[in-house]
Structures are given as C-alpha cells and as structure tokens.
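From just these sequences and the hints, can you work out the full model?
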Amino acid sequence: SQRVAGAERLALVEAQLGGRGATDLTVSAPGQLSLTVRAPDRDAHKIQTSVHGREVGATCAPQELSAWFSAYLGRPVVAVYQCDNDIRHCNPIYSLHPGTDEVSLADAYPVLIANTATLAHVESIGGAKIEMARFRPNIVIEGAERDVEYRALRLAIGEVEFALVKPSDRCILTRVDPSLGVVAGPRPDEILRRGYFLAQSGMGLHEPKATLRGVIFGMNAIAIAAGTVRVGDPVTIKEWSNTRLEFQSLR
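The numbering used here applies: residue 83 is where the sequence shown begins, and numbers increase by one.
Be aware that a few hints might be false.
[To be verified] Okay, the calculated beta carbon distance ranges per label pair:
(1) 272 to 222: 20 to 28 Å
(2) 113 to 283: 46 to 54 Å
(3) 198 to 265: 44 to 52 Å
Please keep in mind that the hints were generated in silico from the structure rather than gathered at the bench. Ideal placement from N, C-alpha and C gives every residue a C-beta, glycine not left out.
This is how it looks when you write it as structure tokens:
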C-alpha cells in the first residue's frame, strides 16, 4: 500500500488488463521493464492478508510479479490477486446488505464519488491548488453545488443508481503527489481539518450508535444494480439524506 513509508512510488505504477489473453496483467513503472503475467487460477495457493486492518483471503500472484514489485520498491513484498472465490465484504456497519455487499482489495467500498465544486472550496480554505487525483475517486461530478454529495442518500448517474453509504474519511496518503510518487506539495488532510472535520454518531446504516471521526472528502458508494456509467452522464439526486453532517473547523 502507498500508506507504508517508502511505498509512495506505487502511485507511478501503471497496470493494464488484457494482452495475449483476457486475464493477462501488464505492469510498468519508470525505470522498470514492463512485465506481463497471467492471472492465477482460483485454486492456486491462498494466503491471508489485510486491508484497512481487516483480514481477507487472497490468492498468491505469480512469483515473477512479486519479484517485479520487490525490485521496484527495494524491499521484499508479496503480490496477491483476488479471484472470484476470494470474497471480501464491505464494513457491515455501512453496507446496504451486510454480509452480501462485496468489494475488491483496492479500497473499503466499491465506488468513491467526489465533487469538483467541493474540491474548489477545499482549495480556497487551504489557499493552494490540490489535484483531484490525490483523493483517488472513481467518479467525479462537475457542475453541482459544493457539498451536495454530503446531503444525498441516493443518486443516479446515467443508468446506474448508487447508495451513498458513508462519508470518506481521509488519511495521509492524500499528501502523495500522484505525478511524482513522493510526499510533496499541499497536505490535504491538514487543510480538511479546517472545514471538513467530522466527529459524529449515528452514522452507521445498521449500527445507529456508530461514530465516524476524521477529515472527510467524498462519499463511499455502492451500486444498487449493475449498469454502465459514461463520462458526461447526467447526475440526478433520487433521495435526500435525513442526516445532516455537522462538519467542524479545527485550528
């Protein structure tokens, strides 16, 4: 993970699916020869790993992929793959369907939605330009008023409807400049403390006493049904939330 000191260079790794076969994976990075490997079989060796402090089963990737990343990072690492039988569930406190909603190894929820107007406001607080890429959203909304994502419960983008299940609390990874692979420039996590700090109970969909504490940017989301989202699709609020987020400003 880029959260580990010295692993910030992972931001520069590019990965592409496809090639000789549909399950081929090609990785490349500055100063490193590219490598193409075939995805492991679902019955390959399994190990336990952890994401965000929660254990999850995964499948060992080909050894040459681990060697590639070890050489790139200058430390021994093991690459893992998520086969279809490596099930990882979303945090049940914030899931639509606890024990059913699934997520990959990439993050805590399937989708992260961010708003350019909200980012512009964060930039005005910090007096610095901040790249949206530092927050790693899957979907970016343009043309909306700022903070509207924090008031919505369900929204439709094109043909897909999403449930906004949890405000996304951010960590020091936002300090990594994704174009350089090093900690540089503004510190978004510190800037967010000056207008988007949240310490609020009653945030869990299935655990009313759950308290969320941290600096917030973006909303974690789960698609209610499968479909296609395209660049330029209209965004429609389908349902407003009854919970008002009480952001604080810490100095």
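Practice problem: Taking the numbered hints from earlier one at a time, note which ones the structure violates and give those numbers from smallest to largest. | Solution: 3
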